[in-house]
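2 protein chains.
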Amino acid sequence: MGTARIVFDRWAGRYAGRMADVRSSAVRDLFAAATRPDMISFSGGMPEISRVPADDVVSAATAAIRDAGTEALQYGSSEGREGVRRVVVELMAEVGVRIKPDDVVITAGAQQALDLLAKIFLDPGDTVICEGPTYLGALQAFSAYQPDVVCVPADEHGMRTDLLAAELERLGPRGAKFIYTIPNFQNPAGVTLTPARRRELLEIASAYDVPVIEDDPYGRLRFEGGHCLPLRALDDDVIYVGTFSKIFAPGLRLGWIVAPHPVLGRFLLAKQAADLCGSAYAQVTAERYFGGTRWRRTLQELTRTYAGRRDAMLDALEEHFPPEAKWTAPEGGFFVWVEMPAFLDLKSILAEAVEHGVTYVPGDAFYPDGRGRNCMRLAFCFAEPDAIREGIRRLAEVLDDRLELYRAFAAAGALPGASDTTGGRDR
Amino acid sequence: MGTARIVFDRWAGRYAGRMADVRSSAVRDLFAAATRPDMISFSGGMPEISRVPADDVVSAATAAIRDAGTEALQYGSSEGREGVRRVVVELMAEVGVRIKPDDVVITAGAQQALDLLAKIFLDPGDTVICEGPTYLGALQAFSAYQPDVVCVPADEHGMRTDLLAAELERLGPRGAKFIYTIPNFQNPAGVTLTPARRRELLEIASAYDVPVIEDDPYGRLRFEGGHCLPLRALDDDVIYVGTFSKIFAPGLRLGWIVAPHPVLGRFLLAKQAADLCGSAYAQVTAERYFGGTRWRRTLQELTRTYAGRRDAMLDALEEHFPPEAKWTAPEGGFFVWVEMPAFLDLKSILAEAVEHGVTYVPGDAFYPDGRGRNCMRLAFCFAEPDAIREGIRRLAEVLDDRLELYRAFAAAGALPGASDTTGGRDR
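As you go down the protein sequences, you meet chains P and W in turn. Offset between the first sequence (1-based) and my numbering: plus 93. Offset between the second sequence (1-based) and my numbering: plus 93.
No wet-lab data here; the hints were simulated from the structure. Keep in mind that the hints are not guaranteed to be accurate.
Listed next, the stretches of chain W that the computed footprint assigns to chain P, with coverage defined by at least 3 CB atoms under 8 Å from CB atoms of chain P [said to hold, decoys possible]:
(1) 150 to 159
(2) 229 to 238
(3) 325 to 335
(4) 372 to 383
(5) 444 to 451
(6) 456 to 470
For glycine and all other residues, C-beta sits at the position ideal for the given N, C-alpha and C.
Next comes chain P alone, as it looks inside the complex (with noise of 0.2 Å):
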């Protein structure tokens, strides 16, 4: 879009300010243009929806069509129909989290209510509170809204609550809007908070009267380990955020919040102002597939398509790449996260990473502020484990070719620092 041509704008001048705010993405542009047939993608977080049987949708869209009657192409209700409501509380009950049709309201995937969120609770200059690294999407939604946005490292059992409450402390009174987290396989660490720590975490925003919202696209997709129990269920004043795109399919676009209904009100009128209501014809579609049974092999059968991508991402790493590299363990979603010693710019290096046929999405992306250069992303979920061995080799190329200079300087005794940003597993 304008990316081929010089076009003058006649407007230049009349944006909004929070425009200036919003990051346009380099990457975005360089994977657009990632189009050589064996290129091997590690950079996006896409479900392996060949996995969802086309004749369940199929059964599910027509008997919908057929059941809801006008319903499904109507105008629908804009916290959502009772019928995908009442999937939810299912949903969450088997997670642990106890709700009502009317503690939920639909929206179009987790990035929009990830965006009202923001909307009803930001005023330019409010600070928001997440991990560092963070979901890049979740920082697109929040910069619309000017806040500053103040990142708490994690480590491997996710965000350092003791870091927490020292932030909270050093804000004082005017403190932050909410707490944003992803306790689950986060995006896009991969690491996965701690029962003990979501108890601290808890204590914390409660004792600083802090709104906690948690995103939770991954829960389910669990390889290994036992539950935890989200922070909905330990407390009910926690802001959940779920989506039907990992466990069922992203082209639906549905998402769910469960908050407080003095939230979801102020939530309903800005989800009306953006779009009037979601798809019920989406809507129905969900209903009938989670209607059914079958889904719940589909979903085992995905999770453990993912647990073998996982596996043999972790093993490729292994083998693999440079001994200066450190990554993450996840127990499940879709990613690990890789630091590399601070002066290597993975940003820098992903124009060479696609050259050689591989992609990837460089750590700053998941930072406000432009931290995380020597870090990347690794998306394990959507490449064949062939591939992604093959993709990790063809990686690990790339490092090794850089790394040459970092191995003579350490050789003569005059290595550069390497910054120790977020936690990364010692190999």
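Given chain P, put chain W in place with the hints provided.
This is chain W only, laid out in the frame that chain P set:
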């Protein structure tokens, strides 16, 4: 949501300032309560979706999922699928606008287009110019960005371009961020901007260098009279907002924007932040639906249906409504606008109308400042002709009751002055 029980809002003091300007809808609550089975609704602008054959939608959905394969269920591009943008290009060509697919971005209904345009253009305190009265959803979308909304009065020929020029002159060098207009069968007034005024509006906007946003949900629903070229056909810099809601189905939540590329670039950033991308599932269904020819017959039948309902409403108004009422005579679309003497408060009368089994939207919903309480919008799109006649008869009874006092005053020569806020037609 929270209307039925008193709830303590722990975070009452934490919401963003912009939420103070987003109006809750008392009318909406009233309609929610209006559940008696013989209720006749003139309030919602809902298309008569039962005329869209379910078979056509089922076969479009089935073919779409089978042919598009996983693409229908996966994340898509933020601008929307090439296929559905090609459909938009063809639809626009049929109304006289020549564009290419990369001039189009697909949105979640026209409402999302209005929300995101406001998001990229409006800082708090900026001026927006629209017709008075104007679409209440646009007022809701804009209000979250805290503009100063100026209403230029409309008459039976649409926005008064002489008053538009005067308003821009009055605003001086700071000017307006954009002019928002609904040229065809305007919501709520039902009036259409004449070709001469279209050119005048564009000349004035150009002279004052103000972007024009043309909202055209009803353009294809013309009952009589010649087609008027869209503003976008006359000026490539116009930002055009369209929707599939009235020519196919609102339940898919599909609309579009046509705009100069620099605007689209910023719009896309805002769209990514708002929901990442639209629903590929809905888009492939629309591609299929408009790939055939049956939609033309369906749209013709829909238009004939609406024309018959418009006739029924105008006839019934003539027969039943009191002589003090004035109303517009739409050549297409969904709405008639009724103006009553200034002292009649149609907002307070609504509860009584609901008791009598008929609903409408009081006129103040279509102004940002409380004006229009002596007016109402009557939607003729959704009720059958017999119901329309009965509904107008019921409504006339309610109005007659209230007008008795007025007539007594008039007989005594002490008539309160009537205001002429809009283009009401003398009966």
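Hints and how they fare:
no., hint, verdict
1, 150 to 159, "holds (count 6)"
2, 229 to 238, "holds (count 6)"
3, 325 to 335, "violated (count 1)"
4, 372 to 383, "holds (count 5)"
5, 444 to 451, "violated (count 0)"
6, 456 to 470, "violated (count 0)"
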